[in-house]
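Student: Residues per chain are reported as follows:
Number of protein chains: 2
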Amino acid sequence: MNQDYIIPNEWSIIEKGFNPDTVKASESLFSIGNGAMGQRANFEESYSGPTFQGSYIAGVYYPDKTRVGWWKNGYPEYFAKVLNAPNWIGINVTINDEKLDLHTCLEVNNFKRELNMKEGWLSRSFDATLQNGIKVNVYTQRFLSLEFDEVGAIKYSVTLVNGDATVEFSPYIDGGITNEDTNWDDQFWDILDVTQKEQQSFLQARTMKTNFCACTYMESLVFLDGKQQEISGVEKKSSNYASCSYKKGIKQGQTFAIHKFGGYVVDRNHDKLELVNVAKNVLKKATDIGFDGLLELQKKSWSRIWETADITIKGDVKAQQGIRFNIFQLNQTYLGTDARLNIGPKGFTGEKYGGSTYWDTEAYCIPFYMATKDQKVARKLLEYRYHHLDKAIENAEKLGFKNGAALYPMVTMNGEECHNEWEITFEEIHRNGAIAFAIYNYCRYTNDYNYIPEKGLEVLIGIAKFWHQRATYSTKKGKYVILGVTGPNEYENNVNNNWYTNYIARWCINYAIENIKRVAQEFNTDYQRISEKTTIDVNELEKWKEVADNMYFPYSEEHNVFLQQDGFLDKDLITVADLPQESRPINQHWSWDRILRSPFIKQADVLQGFYFFEDKFSEEDLERHFNFYEPFTVHESSLSPCVHSVQAAKLGKMDQAYRFYLRTSRLDLDDYNHEVHEGLHITSMAGTWMSIVEGFGGMRIIDGKLSFEPRIPKQWEAYSFKINFRNQILKINVTQNKTNFELINGDKISILVNGASVLVTPNNLVTV
Amino acid sequence: MNQDYIIPNEWSIIEKGFNPDTVKASESLFSIGNGAMGQRANFEESYSGPTFQGSYIAGVYYPDKTRVGWWKNGYPEYFAKVLNAPNWIGINVTINDEKLDLHTCLEVNNFKRELNMKEGWLSRSFDATLQNGIKVNVYTQRFLSLEFDEVGAIKYSVTLVNGDATVEFSPYIDGGITNEDTNWDDQFWDILDVTQKEQQSFLQARTMKTNFCACTYMESLVFLDGKQQEISGVEKKSSNYASCSYKKGIKQGQTFAIHKFGGYVVDRNHDKLELVNVAKNVLKKATDIGFDGLLELQKKSWSRIWETADITIKGDVKAQQGIRFNIFQLNQTYLGTDARLNIGPKGFTGEKYGGSTYWDTEAYCIPFYMATKDQKVARKLLEYRYHHLDKAIENAEKLGFKNGAALYPMVTMNGEECHNEWEITFEEIHRNGAIAFAIYNYCRYTNDYNYIPEKGLEVLIGIAKFWHQRATYSTKKGKYVILGVTGPNEYENNVNNNWYTNYIARWCINYAIENIKRVAQEFNTDYQRISEKTTIDVNELEKWKEVADNMYFPYSEEHNVFLQQDGFLDKDLITVADLPQESRPINQHWSWDRILRSPFIKQADVLQGFYFFEDKFSEEDLERHFNFYEPFTVHESSLSPCVHSVQAAKLGKMDQAYRFYLRTSRLDLDDYNHEVHEGLHITSMAGTWMSIVEGFGGMRIIDGKLSFEPRIPKQWEAYSFKINFRNQILKINVTQNKTNFELINGDKISILVNGASVLVTPNNLVTV
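These protein sequences, in sequence, are chains A and Z.
In this text, residue positions in the first sequence follow the working numbering: the first is 1, and each later residue adds one.
In this text, residue positions in the second sequence follow the working numbering: the first is 1, and each later residue adds one.
Chain A with its partners taken away, still in its complex shape (with noise of 0.2 angstroms):
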């Protein structure tokens, strides 16, 4: 752990005095977003002190041409980077024509900053003296509306403490932004127009290259002690800002607001030639229903979502808000509403991380959103990557591959790869295989077959086209072989017979198989119509086969154990326990180098294969692997402490269990990994969740139906949880003694509780 200043809450983070130093951690922490725009929690007024400025549209991104040292054939030519987007929340405000900024205040007092999450909003409070003496009172509030995604508002008040003075608001919008990861303050988006009328500003700016063309708009209303005021604002505006100022001389003791409405539309959504004009009727229905009327809808929204969503401990207030925070920060980031977007790792909390889409989504993100949304979010996911397909068969040929094989970008915007490291992009080839996985694991959870002859199956296709051309034969071996990859475990380069990617391997290529024969029976379909996009013939599949079944897996037997790759017992096998804690995070202090030969595993990765495939182990298997394999586990991915998780209360091992699950529940709030200011790990939230449904509650798909093996922490009195199980809905409730299971939306459903089958009924607790 790394920090400890966020307020426990069960339903909010709260932030109480101001530190500079926090300035950054805490833009991240209290970030916003709706699913179609995000926003670090940077201030509203200016502030001269270090800080991170980020504001972030859906799917609009910038490709940054490739600079590598030596270049390799095949390297995609561009790297996508996520842009900072042209900033609507900016109001400056002055007292007396001195301009409020924390930075040069005199003092800060009361400073507190909340960001609630059962409504969906961000709350920011202090009292400041500035320079000229004068004393002022600031509450502000913002959110951006779930109801209409282009909107965001703020309310921004300011109260005189200590005499009259001269209240100015002047709120901007303003296109001289850039990145904060540009190395030469590089400019991406070219302004296009600066228009102001009628107290409303619009700003429209085309990305450079991509041509994303987004309007940025906004318009305020001011009050007095409550009382809306009718100030003509002074508008000014040069090329790529705008800004509309408000003055008013008030008395000690009234309070001057302001609320601003603004966001972007955007011509991913509308006709770019109409953006001005959508930004108009948008403005106008903001302004209509209010600031009041809108923050409603939020609570209404959001709490809508809490309703299958939520998740509660009881007795455990930090675990509590951990669990939330997660939950709330997924959606903030996907709601599943655009088939065209994704989850990036860091939303929209930051830079980092450049593209939009990862493997992440389809090992970490799917199971909690297929339990807590209509599957038909789910299946929007899967159908993204089969919208890609094409584009994964090219991909699959720029690296010497043929006949349909399709290899699945590292990093993705559009379907194209869009990393440029080689190790990742050539290596990492496993993303593959947690894509058919996916498929697998959403069948398994809804029973809806249908996908896989409608879409999935052309998928599965290319992808065992792909493990059967990318395996070798090792002669010295007798074996088939895959060389030279990049396991989940990234503190591994190029390594031979990853154990991990090997099993997946094979199993992708004996599920295709599998799909295509029955797709074949069941739907009457000839191997030709299976496939759009590939084509196959028997033959291929005695081939595919013949690989499958004599693939190579490293084994230890003096361990016992499977190997994470060829030769790692050669290594110096220290364990994490001896390395001094001022070395860690090991990322930030040892060369690449020095971690690459040493044994340290940055994320689950012989452990994330018993994870996906749990049933083809036995309990002493998972017990030996885990007991291996922990100890030299640094977790420096946020995507590994939930997989340990799970396995440790599968293993009874709750104590363990409980330090991963807060490990992965505060994993940002605490700041465990020491880079917090540069965003959240958005989808390893979704591992959190996989945390207490999976590792404590014991959830399982057997034979279709669910199962559960309740565990719980010694350190909560309850927890509960609710599942969307094939539009059922079923709240679990575990206690220290008992589990209570009913159901909230259904006719019944057979579960198993430790293996005993059980039937709930509506209106009908059941406690096991």
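Be careful, since some hints might not be right.
Note: identical chains are not told apart, hence a pair may lie in one copy or across any two.
[Stated by the list, open to error] Taking lysine to aspartate or glutamate and the DMTMM-like style, the derived pairs with C-alpha atoms no more than 25 angstroms apart in a straight line are:
hint: 1; residue 1: LYS65; residue 2: ASP186
hint: 2; residue 1: LYS653; residue 2: GLU614
hint: 3; residue 1: LYS479; residue 2: GLU558
hint: 4; residue 1: LYS477; residue 2: GLU557
For the record, the hints were derived by calculation from the structure and aren't laboratory data.
Starting from the known structure of chain A, fit chain Z onto it as the hints suggest.
Tutor: This is chain Z only, laid out in the frame that chain A set:
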């Protein structure tokens, strides 16, 4: 082979006929340099077709900021970039106001380029018909003076063929240049001042970040039919450009000519504030001596170089041209006069391989410079690394090593690492071995053992410490292993136990211990005094020895060969013979992962070890390893064929040896690797010299004596070379049935020929 347009000639590189497609290749091949500056063979007059402009100043570079997807701890902040310097060769030529431009002329005939290697100049002649119908005959000649290394001289003459016309020469200097390898046409020079006075022009510029100041200058004289004209030039300048135009109406058959003198003076050699004055003095000297006088001096300078360095080959013009081209380019690049400089892999012929110094210098270039120049030159090259020892220790510290361990950079300009690909920077650590080996090689050749107590030992100690710390103990193998390296064969990354690396690591440790003991004994020095930059104690030596004595070497019983690295035999062992021609070079056709998992070898790796440590292995060992590895070797590094050539000759495989010789000597002339347009492969040219002297000549140093085992390819009548051995110069002439030895300079020398002792005295041709 990729091209075949260079006319075979013993002393010149000649191109006939104008072909826009070979302009970039010829710009590389006809490059000129004088150790202090160099330039691609760009046309003086303007050319609107595809061209790669380049003029470079020794030691002047720019630190390009490292940009990578995911930052890795220990990366250097920058990547050194060779900078294109202001253009001083430009002469715009207009005939009746039409610009002469070979790309737009109606006709170009009798185009001929010649790089005269014997005398060190470049010429070009052609007949051109302009769009206005005027026909001209043009002759240009240019060189960079060896005598005055800040001066370049150009003669440019235009003869009217079909009528009278006005001819205008506008010689210029231009700071508005950029690098071809830049993405965004970034400028790397700040232009400080442009001044013109009395027909002289000066452009002062400073490199960004590194703040090198250079004054580019010019002055011109004009001639009509050989008679100097008193035409006052019309001066023009802008913020980064200066020209001075000379215009004259001339008659059919008359020749209007300009002699332009220009170049750079740099604050690496002069007071920054005096640069213009220095340039004026240089210009005074140059114009006093005049073009023809400077050319005479140039011929004399080159004649002195060839006196010792020349190699003759009879009966094979292409082979003769090849070796002279190699010797010529090496001398254009590095003359051993400036201890701060080194030998860049592309010399002054292109931008690639950003930095200046690689292990190429120690592994390939030192033997050439030792044998063809005074041995002080080789000592200077060793001292270059000695001066960088502190930086090498710093570099090792960044990677977690301590106690004075030194890791020399992979690429450097000033001792700091300036390459930023982890598999190279952090893992291609064998470079450290070559630096130690060069010290051994130097002492063996020159018998100047004093270098070791004076300077070499500190370097050896730093390197031995590094290897000791870098090896780890494998409990499984019961041996010390070196994990995660890139060997000389860069088509393998992050491999374990690269045989070459492990071997040279052991050798370095043993050699350091041997010399610590010898120096302590012979120079009566205690351990502390030996090393000022690092400290050692006796216990440490024991620990080093423990590692050296128990180093692991991968070995195949089946094939009875050392394996390039762990797991080599798991590959699909297809050979180069199985590779379709259209896949080659594989680095231009295969993605990196495919290259890595293939068995293909970029350059000698195990065989490089056999080359360095030939005396540790039997001829049978060598033959077995050569036969095993050669079939997998694609020789896509310029540094590869020479080693195979030397070894093939030793093994009596003369056909192969000859083929490799042609490949190394004509690598650029015939463009084997499809990349000559980017520049020449300078450092590997020293390998060509090795192929003859060590390969065919069989030269070795055995027990302090020169030893020869001469062989001759059946394609040659005879060949000869000279060797400067400990200040005596021996000439060796080999024909199909005998070898003559002649002592050119020295008292007497006892040598070994095919194992037998032979005494050579002056004026006494010894025939064997």
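Student: Could you work out which of the previously given hints the structure breaks and list their numbers from low to high?
Tutor: none
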